[in-house]
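*Asks:* Here are the chains, one letter per residue:
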Amino acid sequence: MIIRKLTILSAIISLFTVSAATAGTLDTVKGQGFFNCGVSQGVPGFSNPDSDGNWSGIDVDVCRAVSAAIFGTPDNVKYVPLTAKERFTALQSGEIDVLSRNTTWTLSRDAQIGLEFAGVNFYDGQGFMVRSDSGITSAMELDGASVCTNLGTTTELNMADFFRANGMSYEPVVFEKADEVVNAYDEGRCDTYTTDKSGLAAQRTKLADPDAHVVLPETISKEPLGPVVREGDGDWADIVRWSLNAMIEAEEFGLDKGSASSTCATTGNPVVARLCGKEGGNGAALNLGDSWSFDIISQVGNYGDIYEANVGASTPVGLARAGSPNASYKNGGVLYAPPAR
Amino acid sequence: MNTEIKDNIEVTKPPIASIGIIGWLRKNLFSSLSNTILTLLGIYLLYSIIPSFISWAFIDASFVGSTKQECSKEGACWIFIKENLKLIFYGLYPSEELWRINSMYFVLLVCGIYILIPNLKYKGLVGSFLLILFPILSVVMFSGGFGLETVETRLWGGLFLTLVIAGVGIVLSLPIGVMLALGRRSKLPVVSLLSTIFIEIWRGVPLITVLFMASNMFPLFMPEGVNFDKLIRALIGVMFFSAAYLAEVVRGGLQAMPKGQYEAAQSMGLSYWRMMALVILPQSLKMVIPAIIGSFIAIFKDTTLVLVIGLFDFLGIIQFVGTNPDWLGFSHEGYVFAAVIFWIFCFGMSRYSQNLEKKLDTGR
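In the order they appear, the protein sequences are chains A and B.
Quick note on numbering: this note's numbering labels position 322 of the first sequence as 322, and the sequence is numbered without any gaps.
Start counting at 1 in the second sequence, then tack on 1000, and there's your number in this note's numbering.
No lab work stands behind these hints, which were simulated from the structure alone.
C-beta atoms are modelled at their ideal positions from N, C-alpha and C, and glycine is treated no differently.
Treat the hints with caution; some may be incorrect.
PhoX-like mimics (lysine-lysine), calculated; alpha carbons at most 20 Å apart, straight line [to be verified]:
(1) A:Lys206 - B:Lys1073
(2) B:Lys1301 - B:Lys1123
(3) A:Lys206 - B:Lys1123
Not the full set, but computed from the structure, chain B residues with beta-carbon under 8 Å of chain A [to be verified]:
(4) Ala1265
(5) Phe1320
(6) Thr1323
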């Protein structure tokens, strides 16, 4: 009797595991009509609320692009705000299907905890901000400076590495929350403020006189931020990866949100025709409709569109793209997508 | 004889330095050198804080407008709060469904006022409606079903979410706490041991750890694809946590009861449950009202910890709206607003507790 019960129990358990293993994420997502996208609890320009309470930001647009690729509309996404600590658990446990939460791609994350990075949507890196009247123009002149930063982050470790590698001394002034760090810097309790450059740009707008401060040119760490998916579901990873690549390639070939329809109608360029879904069979290869990339570009935009709308120089975040790694490889950046063919 | 003496003595007024404002000041603020120094220090502190706060919060503040650019740099920008009020109060709850929350607020308000007005009929009926039917109705109204559109809990937020968590925590933790307290004092060894273990485990762990376990560890124990709602996980955590604290408060009340009350009840032939329900608990709960309300206030404030598991409670949503690129740099206004609203709720609870004590006449 007990043995029989145990057999039934194990059968039920194996049923669970088998069904979870065989049903690919794409089939599940198509079946339920939406997917879950893990985002931050608010990082300006990356994932934040707009005035109507809708999610916006460059990380959010990656999820919108994936939704457009699968469903033909960018709105079939449910956003799940996650803390930095719970983001990977949420992905592993299946609570979310894509993690697009300014997550740095590192070897240990990619290799150890069963995650797969699907690309890079923003090249960030740690920098320094100083007062313009201090006369400092390079991070190499910061010997002996007091540095405001956040407690217990990689920022603090990168800073220690940087000063040690260059044989300089410094005095750390650490705080728990970003708001405290900015206030301390603004009140002159330290000479310089260090965090990721995207963060520096956003925090600068909070200062009493933003124009009296400059971000130094040096970038002391590599922080490639990108979407993450569960390891072991290659088809799903392909969709996320190529949704991002399609946006990057669309920009390279001049296909943008506003003109996508008219350009696609008249184009003779085979690369553009493939992105428009008129030839090439890219959709079938990804188990998507032929218009998947056209839907992304016409409804979400190309990479340049989403960059300028969320973090570009004309937004309050104000990160100039020219000269940064986020520029296209043709303009001296490192943004380079493999060909979508 | 007596009257003559009285007549002879002229009634003089007390010295001017010991009556009126001057007398009060001398007696209470400047009675000794150290008190004088402390008073002057206090006045200086108030002088350096209050005027600058008032000019920041009111005089230099901006109230009219709808964008960041209309705010003055010197004072508070209350436009930030005004423009984001819907998010702050309701979170990401869909705008067209807000009537559902508002109508439940209205029902709660009407019932609450009805109960607070003395000498009305059917109070018991309204009370049991609030305790039994209202929660069920709320679940349907807030989350959907029966023809209403489903609103997932990930869209709940703001003050609404804070009230939901605090309300569930407060309403459910009291009965559980009472049962645990009775269990711990039970003569049945297994019941007593289990209650003690339960109480000590939940009391021995910080709430933040409980929430972390609920949001980060718990999903890994479940089969893949099986997800419990994050809010429900947090609610269970908050509920058990405060139940464990309340259990000890109630146990304190039980222990303060004279043995004679137990013996009297037993000698009347009452069963254990009737004895507890009719004689012991009404008296002992009355004694610990201040401590119980204290626990409730603590629960209310502890709800802000759900921020660490990615739920946007009242405080969390204020930080969240502050990350909108159009509204960067108004964290001070947000925190001050949050403090005021929290104070109003906690002070309200505190006053209600004092009112209750007076009515039940426990201060004898």
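*Asks:* Now tell me, hint by hint, if it's right for this structure.
*Replies:* Do the hints match the structure? See the list:
Under the criterion of a C-alpha separation no larger than 20 Å, the hint pairing Lys206 (chain A) with Lys1073 (chain B) is consistent with the structure, at around 11 Å. For the suggested pair Lys1301 (chain B) and Lys1123 (chain B), the alpha carbons sit about 29 Å apart, so the restraint of at most 20 Å is broken. Only pairs whose Cα atoms come within 20 Å are accepted, and Lys206 (chain A) paired with Lys1123 (chain B) is rejected, the gap being roughly 53 Å. Annotation: interface hint on Ala1265 (chain B) violated; nearest CB of chain A at approximately 46 Å, more than 8 Å.
Look at Phe1320 (chain B): its Cβ gets to within about 4 Å of chain A, closer than 8 Å, so that hint holds up. For the restraint placing Thr1323 (chain B) at the interface with chain A, the shortest Cβ-Cβ distance is roughly 3 Å, inside the 8 Å limit, so the hint holds.
In this structure, the earlier hints numbered 2, 3, 4 are contradicted, and the remaining ones agree with it.
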